[in-house]
Amino acid sequence: MNELVFFINNVVIAGSVTGSIYAIGAIGVTLVFSIMRFAHFAHADMMTFGAFMVLLLTMAFPGAGAVVGLPTAVVMLPLAMALTALLAVGIDKAFYKPLRAHGVKPIVIVIGSLGVTLMLQGLIRLFAGTSAQSLYIAERKEIYRLELPFELATRPIIVTEPQVILFILTIAAVVGLHLFLNRSRLGKAMRAMSDNPDLAQASGININTIVAVTWVIVGGLAAIAGTLLSLDVTFKPDLSFFLLLPIFAAAIVGGVGHPYGAIAGGFVVGFAETLAVFNWTVMLRPIAHHFPDWLELPRNLAFVGTEYKIVVPFFILVAILVWRPTGIFKGKVIS
Amino acid sequence: MPLLEARDVHGGYGGMNILNGVNMTIEADEIGVIVGPNGAGKSTMLKAIFGLLTVNQGEILLRGEPIHNLPPNKLVQKGMGFIPQEKNVFPSLTVKENLEMGAFLKPNNVKRMLDKVYGFFPPLYEKRHQPAGELSGGQRQMVAMGRALMAEPDVLLLDEPTAGLSPLYMNEIFERVKEINAAGVGILMVEQNAKQALAIADKGFVLAAGQNRFTDTGAALLADPDVAKSFLGG
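Chains A and B are the protein sequences, given in the same order.
Sequential numbering from 1 applies to the first sequence in this note's numbering.
Sequential numbering from 1 applies to the second sequence in this note's numbering.
No lab work stands behind these hints, which were simulated from the structure alone.
Even glycine gets a Cβ: it sits at the ideal position worked out from N, Cα and C.
Among the hints, erroneous ones may be present.
In silico lysine-lysine, DSS-like type, Cα no more than 27 Å apart, as pairs [what the hints assert, rightly or not]:
1. Lys105/A - Lys178/B
2. Lys74/B - Lys97/A
3. Lys97/A - Lys87/B
One-sided and incomplete, this derived list gives chain B residues near chain A with beta-carbon spacing under 8 Å [stated by the list, open to error]:
4. Phe82
5. Lys87
6. Phe90
7. Pro91
8. Ser92
9. Leu93
10. Glu97
11. Glu100
12. Gln130
13. Ala208
Working from the sequences, and respecting the hints, build out all of it.
The following block contains the structure:
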């Protein structure tokens, strides 16, 4: 039974955490692509920026969380979302909009977004330094230990407070986005524009409004994902390089342009990563005495070492591009 | 004052002119039909009116007001509707959502106009929760026309509404065009099925090489032996 608990702690929970973060990140990438038709490389930096805003706000008002009984970082999240949304709209106005107005090919805007990535990274490092910092400044990270009501299970299931908040916020973000895209006038217009931009324009839909709304949503979601990741581990100024590849892999696995595909893709990549670094020795130990003598169970039986975790999304990305470039949900092919 | 008037319109993509002086006049209660051989500039003329390409010379007037080179969303506000020949629905949106997008600029009218459009096209009511991409060609054309009607236009531009449809649907579409016109919407459409289209036309414009070749009532053009010989296949 303890093996099962170990599996739940190290795969089910860890995979869901990583999957949720990748899913929210990939939704942002997919939304930008479906409205503006380019791969937005600076997305992971918007996530970092959102987390950085939370860090600054938490440092400024360290006691704010105690008032409502939540971590201060979570209380500051709405404000950080607004700031990141503002940044996203600003970046579009300053860099991407002029490029679109020139009618350049998408690849030019993609390279432009690479420039924005480097710029944002420089800016964040300028103010945040290069070391990792915890978003729990004046508080302690709560850890919940759930004892299982089985005699054989002596170890508890371990969930931390930020992980619980992460699951709740992920569900809220997905449900909120679903309602927005399917019920609201602007959300439907966003889907219309993703379907057929010319006809959207011929219907009187103002493209600039839709683009701005998209950036507000993308910025807000990026701040959520970045902050939740930083809460779970720590805030690192170079967070984005570790996120960029997995979230693009997730968006492509799910089918570019499909928000629901991005969610599925996020969890596929998240779980694949977690399973790849999972130590299977623990699971095999109870049946080890059935093995022949010459077969000794190695101490660490993982597919890849933790330090090579990043190859997993890389492999998935290459595999999906070779065998099914449109992804699970038959999306568009990124160009 | 005519509803829609084009005076000596020259225009095209970039610097190249495809239209070399087209003249057209449509009154508020009329159906105008543009016919002519391939490459005559028929669809180009519709796109020029709807602001999708540059008018280099001449003018286009809507109720006497110059509208050439205004962007499409401004023209929708001014009461013009355009139905492209291809890609004229939002495939992943449901029929109802497609129609709602037509009334994007007039959200208060959605309920009333939905009822009206379902009245014109009863099959759309049955399929209102189905994605438009799953419909047949004829039903898709109905969605496209319905979407344009949702904005309560004064004038509707249709680019080959019957292209690729079976004769059954073709007649259905022509009937609906007549009904929509009778409900007070001016119509200007480009048609390959010239005979049938001219039969319902108040005005016909035969274009060739980007210019008016013949301009008359639909009936007169159908009766004209010259038009018949050169453009209607004898």
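Hints, one by one, checked against the model:
Restraint check: the Cα-Cα separation between lysine 105/A and lysine 178/B comes to about 43 Å, which exceeds 27 Å; the hinted pair is violated. At most 27 Å may separate the alpha-carbon atoms for a hinted pair to count; lysine 74/B and lysine 97/A meet this at roughly 21 Å. Annotation: proposed proximity of lysine 97/A to lysine 87/B holds, straight-line Cα distance about 26 Å (limit 27 Å). The criterion of a C-beta within 8 Å of any C-beta in chain A is met by phenylalanine 82/B, whose closest approach is roughly 5 Å, and the hint holds.
The closest approach between the C-beta of lysine 87/B and any C-beta of chain A is roughly 6 Å, which is under the 8 Å cut-off, so the hint is satisfied. Evaluation of the phenylalanine 90/B hint against chain A yields a held restraint, the C-beta minimum of about 4 Å falling below 8 Å. The closest approach between the C-beta of proline 91/B and any C-beta of chain A is roughly 6 Å, which is under the 8 Å cut-off, so the hint is satisfied. Given hint, serine 92/B at the interface with chain A, holds; its Cβ is 5 Å from that chain's nearest Cβ, closer than 8 Å.
With a cut of 8 Å, the hint placing leucine 93/B at the interface with chain A holds, because the nearest CB-to-CB distance is about 6 Å. At a threshold of 8 Å, the smallest CB-CB gap from glutamate 97/B to chain A is about 5 Å, leaving the interface hint in force. Taken as an interface hint, glutamate 100/B checks out: its beta carbon lies about 6 Å from the nearest beta carbon of chain A, inside 8 Å. Hint status for glutamine 130/B: violated, given a least beta-carbon distance of 15 Å to chain A, over 8 Å.
The criterion of a C-beta within 8 Å of any C-beta in chain A is not met by alanine 208/B, whose closest approach is roughly 27 Å, and the hint is violated.
Hint violations for this structure: numbers 1, 12, 13, all remaining hints satisfied.
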